[in-house]
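Colleague: Next come the chains, spelled out residue by residue.
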Amino acid sequence: MIMKNNIRVERAIKNITQADLAEAVGVSRQTINTIESNKYVPSTVLALKISRVFGKPLEEVFMLEEGD
Amino acid sequence: MKTRFLFPYWCRYLGYACILGHIPVVLFHKMMDYPKPSDGPELFNAHHLFFMATTLLMLVGLIIVAFSKEKIEDEQISQLRLDSLQWAVYLNYIILVISLIFTHNQDFWDIIHVNMWVPLVFFIIRFRWVIFRLNRSLTREG
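So the sequence lines, in the order shown, correspond to chains A and B. Residue numbering for the first sequence follows my numbering, beginning at 1 and increasing consecutively. Residue numbering for the second sequence follows my numbering, beginning at 1 and increasing consecutively.
Hints in this document: simulated from the structure, not taken from any laboratory. Note that the structure is a prediction, hence the values are computed from the model and not measured. It is possible that part of the hints are untrue.
Pairs of lysine to aspartate or glutamate residues, derived as EDC-like cross-links and limited to a Cα-Cα distance of at most 16 Å, are as follows [said to hold, decoys possible]:
#, chain 1, residue 1, chain 2, residue 2
1, A, Lys39, B, Asp83
2, B, Lys71, A, Glu60
3, A, Lys39, B, Glu75
4, B, Lys2, B, Glu75
5, A, Lys14, A, Glu60
6, A, Lys56, A, Glu10
7, A, Lys4, A, Glu66
8, A, Lys39, A, Glu65
9, B, Lys2, B, Glu73
10, A, Lys49, A, Glu60
11, A, Lys49, B, Glu75
12, A, Lys49, A, Glu59
Residues of chain B clear of chain A, computed beta-carbon distances all greater than 10 Å [stated by the list, open to error]:
#, residue
13, His47
14, Ile64
15, Gln86
16, His104
17, Asn105
18, Ile111
19, Ile112
Looking from chain B toward chain A, a few residues come up when the C-beta cut is under 7 Å (computed) [as the list claims (entries may be wrong)]:
#, residue
20, Ile72
21, Asp74
22, Glu75
23, Gln76
24, Leu134
25, Leu138
For each residue, glycine too, the CB sits at the ideal point set by N, CA and C.
So that you can see chain B by itself, here it is in the shape it has in the complex (with noise of 0.2 Å):
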């Protein structure tokens, strides 16, 4: 079956990498506790760029790892996949109408923060989970 737009398989494992690689990354600078800087310029300084490298990572693993093709791509899986994508753009929508009622404006960084990855990964546990259900079905009847 020919599918557009997908990464090929052996992609969701440089993305899995990607995101597994940016935790211990992202930790261990919190750990280090460093101060923000109080001068110097507001975009590009030390601490702007490392969380863009460090969000951009987990965003592009996340991407990948969504956006590979199965080992077998055929049309049930394009079905579900679809389905997946729409429960997750639903989930997103709702936890976004909810805390835009319940924050106030200044949080809004907060929203958008939540709002880069609930999509994706919500997208990527039902997909998973409901392929894995094909497969028990599958070893269950034999």
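Extracted from the complex, chain A is given alone in its bound form (with noise of 0.2 Å):
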């Protein structure tokens, strides 16, 4: 199981940088990068900021799929 996420296009819906979402929720603009390629699995606490900022559930930002 990998974890897939949705925050390029919540953010694109937004129209908002990965600088301003990385501000909004406190980490670096490398982290949330990072996070949008799948390269990094964010902690729990932080996947609840960042749906936050988009006003969205957390399954629909974050979501599993099958996969190694």
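Using the hints, build the complex out of the two chains.
Modeller: So this is what it looks like as structure tokens:
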């Protein structure tokens, strides 16, 4: 199982940059970037914070997918 | 993010200053080639005090550099720090085991000497390297 996310899409809908999102949840831009490209799995707290920025439930931003 | 046991960001420069400051002092001392005092107390003679002061300066510098906060300290940085620490401990013990196998017990002093800075130096190099790679991936993707 791997974790995927819709952050890039949600950002486009809200029209905010990685830097804006990073500032809103209090992490570095690098962290948002690695989360978007599925290289880093955020903690539950950070995932909840990110989905709160988008005003959506967690499952609509982050989802599990079959994979290695 | 709340972190414990880390020095503030600016301390890193203090640490670099300690490390860089200790090098010319030691080199100068080596060049002057002071003879080891043969008489006097074993502990706390001039030679011992000098060695202690410079070594402590280097160690404190390394520790501060290794364990000062990043500009933006977040959970990914914490994870990278933990990762690098694990690598450093592995490497340190590999070197320790190898040197224990291949040295006679009279060289024990040298082993301890190396053992003193290997984990910290390797940790710093590894940690800086992964952060450098992280930043590079960011600039590449724009």
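Colleague: Now, for every hint given, state plainly whether the structure supports it.
Modeller: Hint check results:
1. A/Lys39 - B/Asp83: Holds, because 15 Å separates the two Cα atoms, which is no more than 16 Å.
2. B/Lys71 - A/Glu60: Between B/Lys71 and A/Glu60 the Cα gap is close to 31 Å, so the pair fails against 16 Å, i.e. violated.
3. A/Lys39 - B/Glu75: holds (14 Å)
4. B/Lys2 - B/Glu75: Since the Cα atoms of B/Lys2 and B/Glu75 sit roughly 10 Å apart, the hinted pair holds (cutoff 16 Å).
5. A/Lys14 - A/Glu60: Holds. A/Lys14 to A/Glu60 sits at ~15 Å (cutoff 16 Å).
6. A/Lys56 - A/Glu10: holds (9 Å)
7. A/Lys4 - A/Glu66: holds (10 Å)
8. A/Lys39 - A/Glu65: Given pair A/Lys39, A/Glu65 holds - Cα atoms ~14 Å apart, limit 16 Å.
9. B/Lys2 - B/Glu73: Holds. B/Lys2 to B/Glu73 sits at ~9 Å (cutoff 16 Å).
10. A/Lys49 - A/Glu60: holds (13 Å)
11. A/Lys49 - B/Glu75: holds (13 Å)
12. A/Lys49 - A/Glu59: Roughly 13 Å separates the two Cα atoms, so the pair holds.
13. His47: holds (47 Å)
14. Ile64: With a cut-off of 10 Å, B/Ile64 remains clear of chain A, as the shortest Cβ separation is near 22 Å.
15. Gln86: Nearest chain A Cβ is 17 Å from B/Gln86, so the label holds.
16. His104: holds (47 Å)
17. Asn105: holds (46 Å)
18. Ile111: holds (38 Å)
19. Ile112: Nearest chain A Cβ is 38 Å from B/Ile112, so the label holds.
20. Ile72: The hint holds - B/Ile72 has a Cβ within 7 Å of chain A, the shortest such distance being about 4 Å.
21. Asp74: holds (4 Å)
22. Glu75: Interface hint status for B/Glu75: holds (5 Å vs cutoff 7 Å).
23. Gln76: Constraint on B/Gln76 satisfied, holds at 4 Å.
24. Leu134: Hint on B/Leu134: holds, closest Cβ of chain A at ~5 Å, below 7 Å.
25. Leu138: holds (5 Å)
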